[in-house]
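S.K.: Here is how the chains run, residue by residue.
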Amino acid sequence: MTPFPRNQWYVAAYRDEVGDDLLGRTVCGEPLMLYRLQDGSVAALADRCVHRRYPLSMGHRDGDRIVCGYHGFTYEPSGACAYVPAQTRIPRTARVPAYPVVERDSLVWVWIGDPQVADTATVPRAPWLDSPGWTVVRGMEPLAARYGLLVDNLLDLSHETYLHGGYIGTPEVAETPITTEVDEDARIVHVRRRMKDVACPPFYARSTGIEGRIDRWQDIEYHPPCLYLLHSRIAPTGVEPGPDGDDSAACHAEIVYAITPETETTTMDFWMVARDFATGDEEVSRFLAESNRTVVLQDVVALNALEKVIATEPAGYQELSINIDTGGLAARRLLRKLVEQ
Amino acid sequence: MSDVTARETARTVYTIRWSPGSDRLHGVCHCGAEHEAEDPVLMWRWLLAHPDHEACDEASRPW
Ligand code: FES
Ligand SMILES: [Fe+2]
Ligand SMILES: [Zn+2]
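Protein sequence lines correspond, in order, to chains A and B.
Each residue of the first sequence is one higher than the one before, starting from 1233 at the first, in the numbering used here.
Each residue of the second sequence is one higher than the one before, starting from -6 at the first, in the numbering used here.
Hints listed in this document are in silico derivations from the structure and should not be mistaken for laboratory results.
Hints may be right or wrong, so weigh each one.
Ranges between beta-carbon positions, derived for each pair [to be verified]:
{"id": "1", "chain 1": "B", "residue 1": "31", "chain 2": "A", "residue 2": "1248", "range": "43 to 51 Å"}
{"id": "2", "chain 1": "A", "residue 1": "1536", "chain 2": "B", "residue 2": "38", "range": "29 to 37 Å"}
{"id": "3", "chain 1": "B", "residue 1": "38", "chain 2": "A", "residue 2": "1304", "range": "57 to 65 Å"}
{"id": "4", "chain 1": "B", "residue 1": "13", "chain 2": "A", "residue 2": "1249", "range": "34 to 42 Å"}
{"id": "5", "chain 1": "B", "residue 1": "13", "chain 2": "A", "residue 2": "1533", "range": "20 to 28 Å"}
Heads up, the beta-carbon is just placed ideally off N, CA and C, and yes, glycines get one too.
Bound conformation, chain B alone (with noise of 0.2 Å):
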């Protein structure tokens, strides 16, 4: 039991929500953090930063 459970907070998952009609998108990194993004690819480029969601956060800004 607590096997499974060890292999399933190990497993390496990205996850994007998205709701047509809403613009926004949805992350979820395996770590846990969460993201909002209106752009598939810097929602990308933020769950790919991982660990370092906060320095790719500012950087992928488009403006």
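If we strip away everything but chain A, and leave its shape as in the complex, we get (with noise of 0.2 Å):
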């Protein structure tokens, strides 16, 4: 089993998740406690007392203080224990360790490596899930599978056709050309795949309204280990961005999954659908979220199936890889050199 890259930002919960109340989450094999501070800002604490490990999303807030709910002991949001019940001397050793957090594009992002080298800078960016002009339709799936079998899903569209035909999958996802590109330096692994004349999906054609064939983009960004975007672009066939890069007679969706590995075998599969398109039309959001849901739902089963076969199967089973896998292969590379950096 490979390790988890613990030096890394992992999206933890969307933003709205995140209240007054005591949000228990698991990355990376660490249990967390996340809640909202008086001053607006979010923490991040081990979801363990230090006194017999009970979880300290079942206590309750005192102000910024949580409140362990077996015995009373009594944390600041540094992770410091404040309080220990009955006596005045509070254990050297008595402090929870807390987390690394930043809130950006409507996601909280979470360090669990060492505090040490975390740097905000390096949080991978989706802008659109938090700009005027677009409008989101989101949701978190959780997966009975490691996040490398998600990994391999999403760098691979060609299962479009026969995992989700008659909602985004159309014969022509596979039988396109593909281009696949490693950035070695920014760490990034680019598929693209652009359509010319093709059929409009159902999950296109009931959104955009386009009427006949379209011109379809897709054009993966996959940030390892957590972020993955689908640059998708929607246009009636022949419409081509303007010289001067304007592209407004398309219509744009970006789809964007934050992956992140709650144990070994399970898998939080947070998955968010923007546009430019029908912004303010709440049929089209509706429309859009339940297909894009049963989309994820059909991997999901998927998967979870994926992971069942991988346990009971006898060590040293050789995969086989063709042409399709050239983004996946690319993608658990630097997995794996960011497992081992």
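Both chains are sitting in their own frames, so use the hints and assemble them into the complex.
M.R.: What follows is the structure, encoded as structure tokens:
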């Protein structure tokens, strides 16, 4: 089993999930407890009381302090223990780890590794999630499968034709030239597929209102380990971006996944669809949310099945890779590199 | 301007193009070396062998 790249930022929650209540989440095997402080910032503490391991998320808050629900150890947002029951001496080791947190683009990112090397400038961005002119639908599905299976899945969209036929898949997705590019310095995998004059899948026909054949771009940008962006462009066939880069005649959907390992064999599959068309149309929002969730759940069923297969297979089983796996192989290599560094 | 060009050429980018229907992958290393292969594992091995593409080419032949 590949261990997790620990010195990395991971999405632990959506911004709106973290408020006055104590939210328990597990990231890379670390149980965390997140809550919003009175100054509006977010704190993340280990969700395990130093006394007898009771989850702090099952306790309650006293202002910005957290009171353990078992025997009352009380912690500051820094993780330091401010009070232990019925005695005045606070043991020196009475403290729980606090994790660096940063909120960006409506996402709450946490740093699981060495806090000394946490650099907020390295949080990858997805500005459409929190920008005027864009409307977002989203969700999170728990996956009973290792995160690498979701990475494989998202890096090869030819599976759309088979696993998501009738939703986002059309035959052309599996038949169009693909360019895979790995930027070794920026550590980004790009997989580009530019389809010309193809059928419009129901997912986009119903949401964009475009009738007839389309040009459809699928530009993947994967920032290992956690952030996956799919820049999707849908336009009536022949409509190209202007020479000045103006592309307002096309519809854009920014499909974002945050792939957050929970344990070695479970994953949080955060999915978001941001769009710059029909932005005020509630019906389109409902349709896209429902369709995308359906698609994500089709993947969840498939990946959960794969995890079971892996759990029972003999050691040393060899997969077979073909040309569609070019991007997935690149992603796996970058992930290994992040683990080793 | 020249700064941008220098940075562009300094980027370590590997590119693999593939047209489904054809079985051939076309790889381009950041050094400009190009290669054809029919298997993505062999193609990545060739690209990542930079700067020793030549040596790798022989070693990676499956037969
Ligand atoms: S377990 Fe938290 S105070 Fe005892
Ligand atoms: Fe899928
Ligand atoms: Zn080279």
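S.K.: Against this structure, judge whether each hint is valid.
M.R.: So, going through the hints one by one against the coordinates:
At roughly 49 Å, the beta carbons of residue 31(B) and residue 1248(A) sit within the given window of 43 to 51 Å. At roughly 32 Å, the beta-carbon separation of residue 1536(A) and residue 38(B) lies within the given 29 to 37 Å, and the hint holds. For the pair residue 38(B) and residue 1304(A), the beta carbons lie near 59 Å from each other, so the given range of 57 to 65 Å is met. Taking the beta carbon of each, residue 13(B) and residue 1249(A) are about 40 Å apart, inside 34 to 42 Å as hinted.
Taking 20 to 28 Å as the suggested C-beta distance range, the pair residue 13(B) and residue 1533(A) conforms, at roughly 26 Å.
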